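A.B. asks: Protein chains in written order, with this note's numbering: chain A, 191 to 246; chain B, 6 to 228; chain C, 18 to 263.
Misleading hints may appear alongside valid ones.
To be verified - Once the Cα atoms are required to be at most 20 angstroms apart in a straight line, the calculated SDA-like pairs of lysine to any residue come out as: (1) C:Lys-170 - A:Lys-241; (2) C:Lys-170 - A:Leu-230; (3) C:Lys-231 - C:Asp-65; (4) A:Lys-227 - C:Pro-116; (5) A:Lys-241 - C:Asn-252; (6) A:Lys-227 - C:Lys-134; (7) A:Lys-228 - C:Lys-231; (8) A:Lys-241 - C:Gly-69; (9) C:Lys-170 - A:Asp-225; (10) A:Lys-228 - C:Pro-135; (11) A:Lys-236 - C:Glu-250; (12) A:Lys-227 - C:Lys-231; (13) C:Lys-170 - B:Leu-162; (14) A:Lys-228 - C:Trp-255; (15) A:Lys-227 - C:Ser-242; (16) A:Lys-227 - C:Leu-260; (17) C:Lys-134 - A:Leu-230; (18) A:Lys-236 - C:Pro-116; (19) C:Lys-134 - A:Asp-225; (20) A:Lys-228 - C:Val-45; (21) B:Lys-224 - C:Lys-170; (22) A:Lys-227 - C:Tyr-33; (23) C:Lys-231 - A:Val-210; (24) B:Lys-224 - B:Pro-96; (25) B:Lys-56 - B:Leu-162; (26) A:Lys-228 - C:Lys-134; (27) A:Lys-241 - C:Gly-37; (28) A:Lys-228 - C:Val-259.
Stated by the list, open to error - Reference excerpt, derived from the structure (chain C facing chain A, CB under 10 angstroms, subset only): (29) Gly-69; (30) Ile-74; (31) Phe-121; (32) Thr-128; (33) Gln-248.
Keep in mind the hints are simulated off the structure, nothing from the lab. Keep in mind the model is a prediction, meaning the values are calculated, not measured. We put the CB at the ideal spot given by N, CA and C, even for glycine.
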Amino acid sequence: MSQFLEMGGYAFYVWSAYGVSTLVLCYGLLRPYLDHKKTLREISLKRRQHKRDLND
Amino acid sequence: MHLRAFGAVIVRDLLLAFRHKSELVNSIAFFILVVSLFPLGVGADIALLRKIAPGVIWVAALLATFLSLDQLFRSDYEDGCLELILMSPHPVSLIVLAKIMAHWMLTGVPLTLIAPLLAGMYGLENSSIAVLMLTLLIGTPILSLIGAIAIALTVGLRKGGVMLALLILPFYVPVLIFATAAIDAQIAGFPVSGQINMLLALLALALTLSPWPTAVALKMSLS
Amino acid sequence: MIMKWLHKFSSPPYFYALSGKLIKWLSVLLVAFLAAGLYGGLVLAPADYQQGDSFRIIYVHVPAAWMSLFIYMVMAVSGTIALVWRIKLAEIVSVCSPPIGAGFTFLALVTGSIWGKPMWGTWWVWDARLTSELILLFLYLGLIGLYTAIEDKRTASRSVAILALVGVVNIPIIHYSVEWWNTLHQGPTVTKFDKPSIHIDMLIPLLNMAIAFKLYFAIALLMRSRNELLQREQNGRWVEEVLEGK
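Given only the sequences and the hints, what does the whole structure look like? Please build it.
C.D. replies: Structure below.
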């Protein structure tokens, strides 16, 4: 196991490359996920306001 | 009939530019300024200057052309002339080509004419200076043609700035590479016809392919 | 038949519902291919006889570099469809692609320079592939900038499509000129970097990772497209049903 982590002395390079990739790729999914939730929230808020305005 | 319109647009743009001389002078002054800043940064060693001269002069020419491009459609857009031009019976791409040619005469040609002076300051030989002028003569119209597309896309926007640089400058890379390579080859004593032919091919490509998307983009920006 | 299906698929409510399901299925596939690729690449593949274990960076670097170009093509093709047939969905696909493409281009650059450090001794060498990726990153940033700068989103997406098409003509020229420039000013040994002797055990994980990245792109693209669609169509009646079904 520790031999695997050492990567034949290249541990720093290999793991930093994979680390950066993980971060960027996760951000690339997290961002649209959060954006989507935000959009849904905003639209339902707008609609509720619109209905309230109609009732008044 | 179309040809007369073509000529008329060029004459009109040239006349307008000569009335507002400051814009005409600004990009040339910028070009000279950038080129003369480099020796202050890297030292006056003439061997070094001679080595970097093609790159420095060409990068400065790219930047000067880029800065002047903003004026291509700006004033016509602001006073409403652009909409009238688009409504004219002539093909928009032809009018656009005329405006680009006028722009080149106002920036590319002066840059080409002033370049020998700067190249002399960098210690280039006369034969190298000739090649430099040739590359500028072929290369600067390509810069105007490519830049026009991005300018047309952003003509209605107030905040162009840095974003415009990202839109335009990457497309200038091939011109920069082949033009400086031609001068380098001449300095090293090799034939330059290959690089010059590449530049000519790029010019032919830009001339045929660029006015059309520019026209489409202009119509879209104004609609 | 195909046109009919396409027409149905591109209607907003249908696309929204279907893409939701697709994302789930593709995610399962993504995890499978990613696990296979990573296990094969980091554990099974033998170390390269020249580069040792550092060559394992290839499994993110090369697929990311492939994706950076692939996404540009997807964007340009859907942009063309959007310009010619005015299909809304094609518009959305072409404007949702650049941020993902920029992400992969950034990754190709960063992993390339991390790989370069043990191979060349410096983080950055003006190597043809790295330089092309850098210019490609600028192109992507320009597209993203253009889309955010234009307020009317339909005009913005058509502008992006035009610029993407101009890019398609130019990218081969830029790529060729950069390679030519690179051979002209040959830096320190670059060849070592480009062709690790590819063994079959090394190749299979590479293909798995390439498929995993394609799936990732599909998922990210669908997620972004759903959001964009919702924003553009927020007054549509089908959005009401989506909100109630939540």
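A.B. asks: Give a verdict on every hint.
C.D. replies: Against the structure, the hints:
1. Straight-line distance between C-alpha atoms of Lys-170 of chain C and Lys-241 of chain A comes to about 27 angstroms, which puts the hinted pair past the 20 angstroms bound.
2. Restraint check for Lys-170 of chain C and Leu-230 of chain A: satisfied, since their Cα atoms lie roughly 19 angstroms apart, inside the 20 angstroms limit.
3. Taking the CA atoms of Lys-231 of chain C and Asp-65 of chain C, the gap is near 26 angstroms; set against the 20 angstroms cutoff, the hint is violated.
4. Our distance criterion of 20 angstroms between C-alpha atoms is met by Lys-227 of chain A and Pro-116 of chain C, whose separation comes to about 19 angstroms.
5. Taken as a hint, the Lys-241 of chain A and Asn-252 of chain C pair is honoured in the structure, with Cα atoms around 13 angstroms apart against an allowance of 20 angstroms.
6. About 41 angstroms separates the Cα atoms of Lys-227 of chain A and Lys-134 of chain C, which puts this hinted pair outside 20 angstroms; it is violated.
7. Between the alpha carbons of Lys-228 of chain A and Lys-231 of chain C the distance comes to roughly 27 angstroms, so the proposed pair goes past 20 angstroms and is violated.
8. For the proposed pair Lys-241 of chain A and Gly-69 of chain C, the alpha carbon gap of about 66 angstroms is over 20 angstroms, so the pair is violated.
9. For the hint pairing Lys-170 of chain C with Asp-225 of chain A, the CA-to-CA distance comes to about 17 angstroms; that is within 20 angstroms, so the pair holds.
10. With a CA separation close to 44 angstroms, the supplied pair Lys-228 of chain A and Pro-135 of chain C exceeds the 20 angstroms bound.
11. The suggested pairing of Lys-236 of chain A with Glu-250 of chain C holds, with an alpha-carbon distance near 13 angstroms, which does not exceed 20 angstroms.
12. Distance check on the hinted pair: Lys-227 of chain A and Lys-231 of chain C sit about 25 angstroms apart at the alpha-carbon level, beyond 20 angstroms; violated.
13. Proposed proximity of Lys-170 of chain C and Leu-162 of chain B is supported: the alpha carbons are some 14 angstroms apart, at most 20 angstroms.
14. A C-alpha spacing of about 18 angstroms is found between Lys-228 of chain A and Trp-255 of chain C, which places the hinted pair at or below 20 angstroms, so the restraint holds.
15. Between the alpha carbons of Lys-227 of chain A and Ser-242 of chain C the distance comes to roughly 13 angstroms, so the proposed pair stays at or under 20 angstroms and holds.
16. For the hint pairing Lys-227 of chain A with Leu-260 of chain C, the CA-to-CA distance comes to about 11 angstroms; that is within 20 angstroms, so the pair holds.
17. Of the supplied pair hints, the one linking Lys-134 of chain C and Leu-230 of chain A is violated, its CA atoms being roughly 45 angstroms apart against a limit of 20 angstroms.
18. A distance of roughly 28 angstroms separates the Cα atoms of Lys-236 of chain A and Pro-116 of chain C; the hinted pair therefore is violated under the 20 angstroms criterion.
19. Note on Lys-134 of chain C and Asp-225 of chain A: the hinted pairing is violated, with a Cα-Cα distance of about 37 angstroms set against a maximum of 20 angstroms.
20. Restraint check for Lys-228 of chain A and Val-45 of chain C: the C-alpha separation of about 25 angstroms exceeds 20 angstroms, so the hint is violated.
21. Taken as a hint, the Lys-224 of chain B and Lys-170 of chain C pair is honoured in the structure, with Cα atoms around 16 angstroms apart against an allowance of 20 angstroms.
22. At most 20 angstroms may separate the alpha-carbon atoms for a hinted pair to count; Lys-227 of chain A and Tyr-33 of chain C meet this at roughly 14 angstroms.
23. For the hint linking Lys-231 of chain C to Val-210 of chain A, the alpha-carbon distance of about 18 angstroms falls within 20 angstroms, and the restraint holds.
24. Among the hinted pairs, Lys-224 of chain B with Pro-96 of chain B is consistent with the structure: their alpha-carbon atoms are about 12 angstroms apart, no more than 20 angstroms.
25. At roughly 40 angstroms between alpha-carbon atoms, Lys-56 of chain B and Leu-162 of chain B are farther apart than 20 angstroms, so this suggested pair is violated.
26. Between Lys-228 of chain A and Lys-134 of chain C the alpha-carbon distance is near 41 angstroms, which puts this suggested pair outside the 20 angstroms criterion.
27. Distance check on the hinted pair: Lys-241 of chain A and Gly-37 of chain C sit about 28 angstroms apart at the alpha-carbon level, beyond 20 angstroms; violated.
28. Distance check on the hinted pair: Lys-228 of chain A and Val-259 of chain C sit about 14 angstroms apart at the alpha-carbon level, within 20 angstroms; holds.
29. Taking 10 angstroms as the C-beta contact cut-off toward chain A, the hint placing Gly-69 of chain C at the interface holds, the least distance being around 4 angstroms.
30. Nearest Cβ of chain A to the Cβ of Ile-74 of chain C: about 4 angstroms, under the 10 angstroms cut. The hint holds.
31. Using the Cβ-Cβ criterion of 10 angstroms, the hint placing Phe-121 of chain C at the interface with chain A is satisfied: the shortest such distance is roughly 8 angstroms.
32. Interface hint at Thr-128 of chain C: satisfied, since its Cβ lies 4 angstroms from the closest Cβ of chain A, which is below the 10 angstroms cut-off.
33. At a threshold of 10 angstroms, the smallest CB-CB gap from Gln-248 of chain C to chain A is about 6 angstroms, leaving the interface hint in force.
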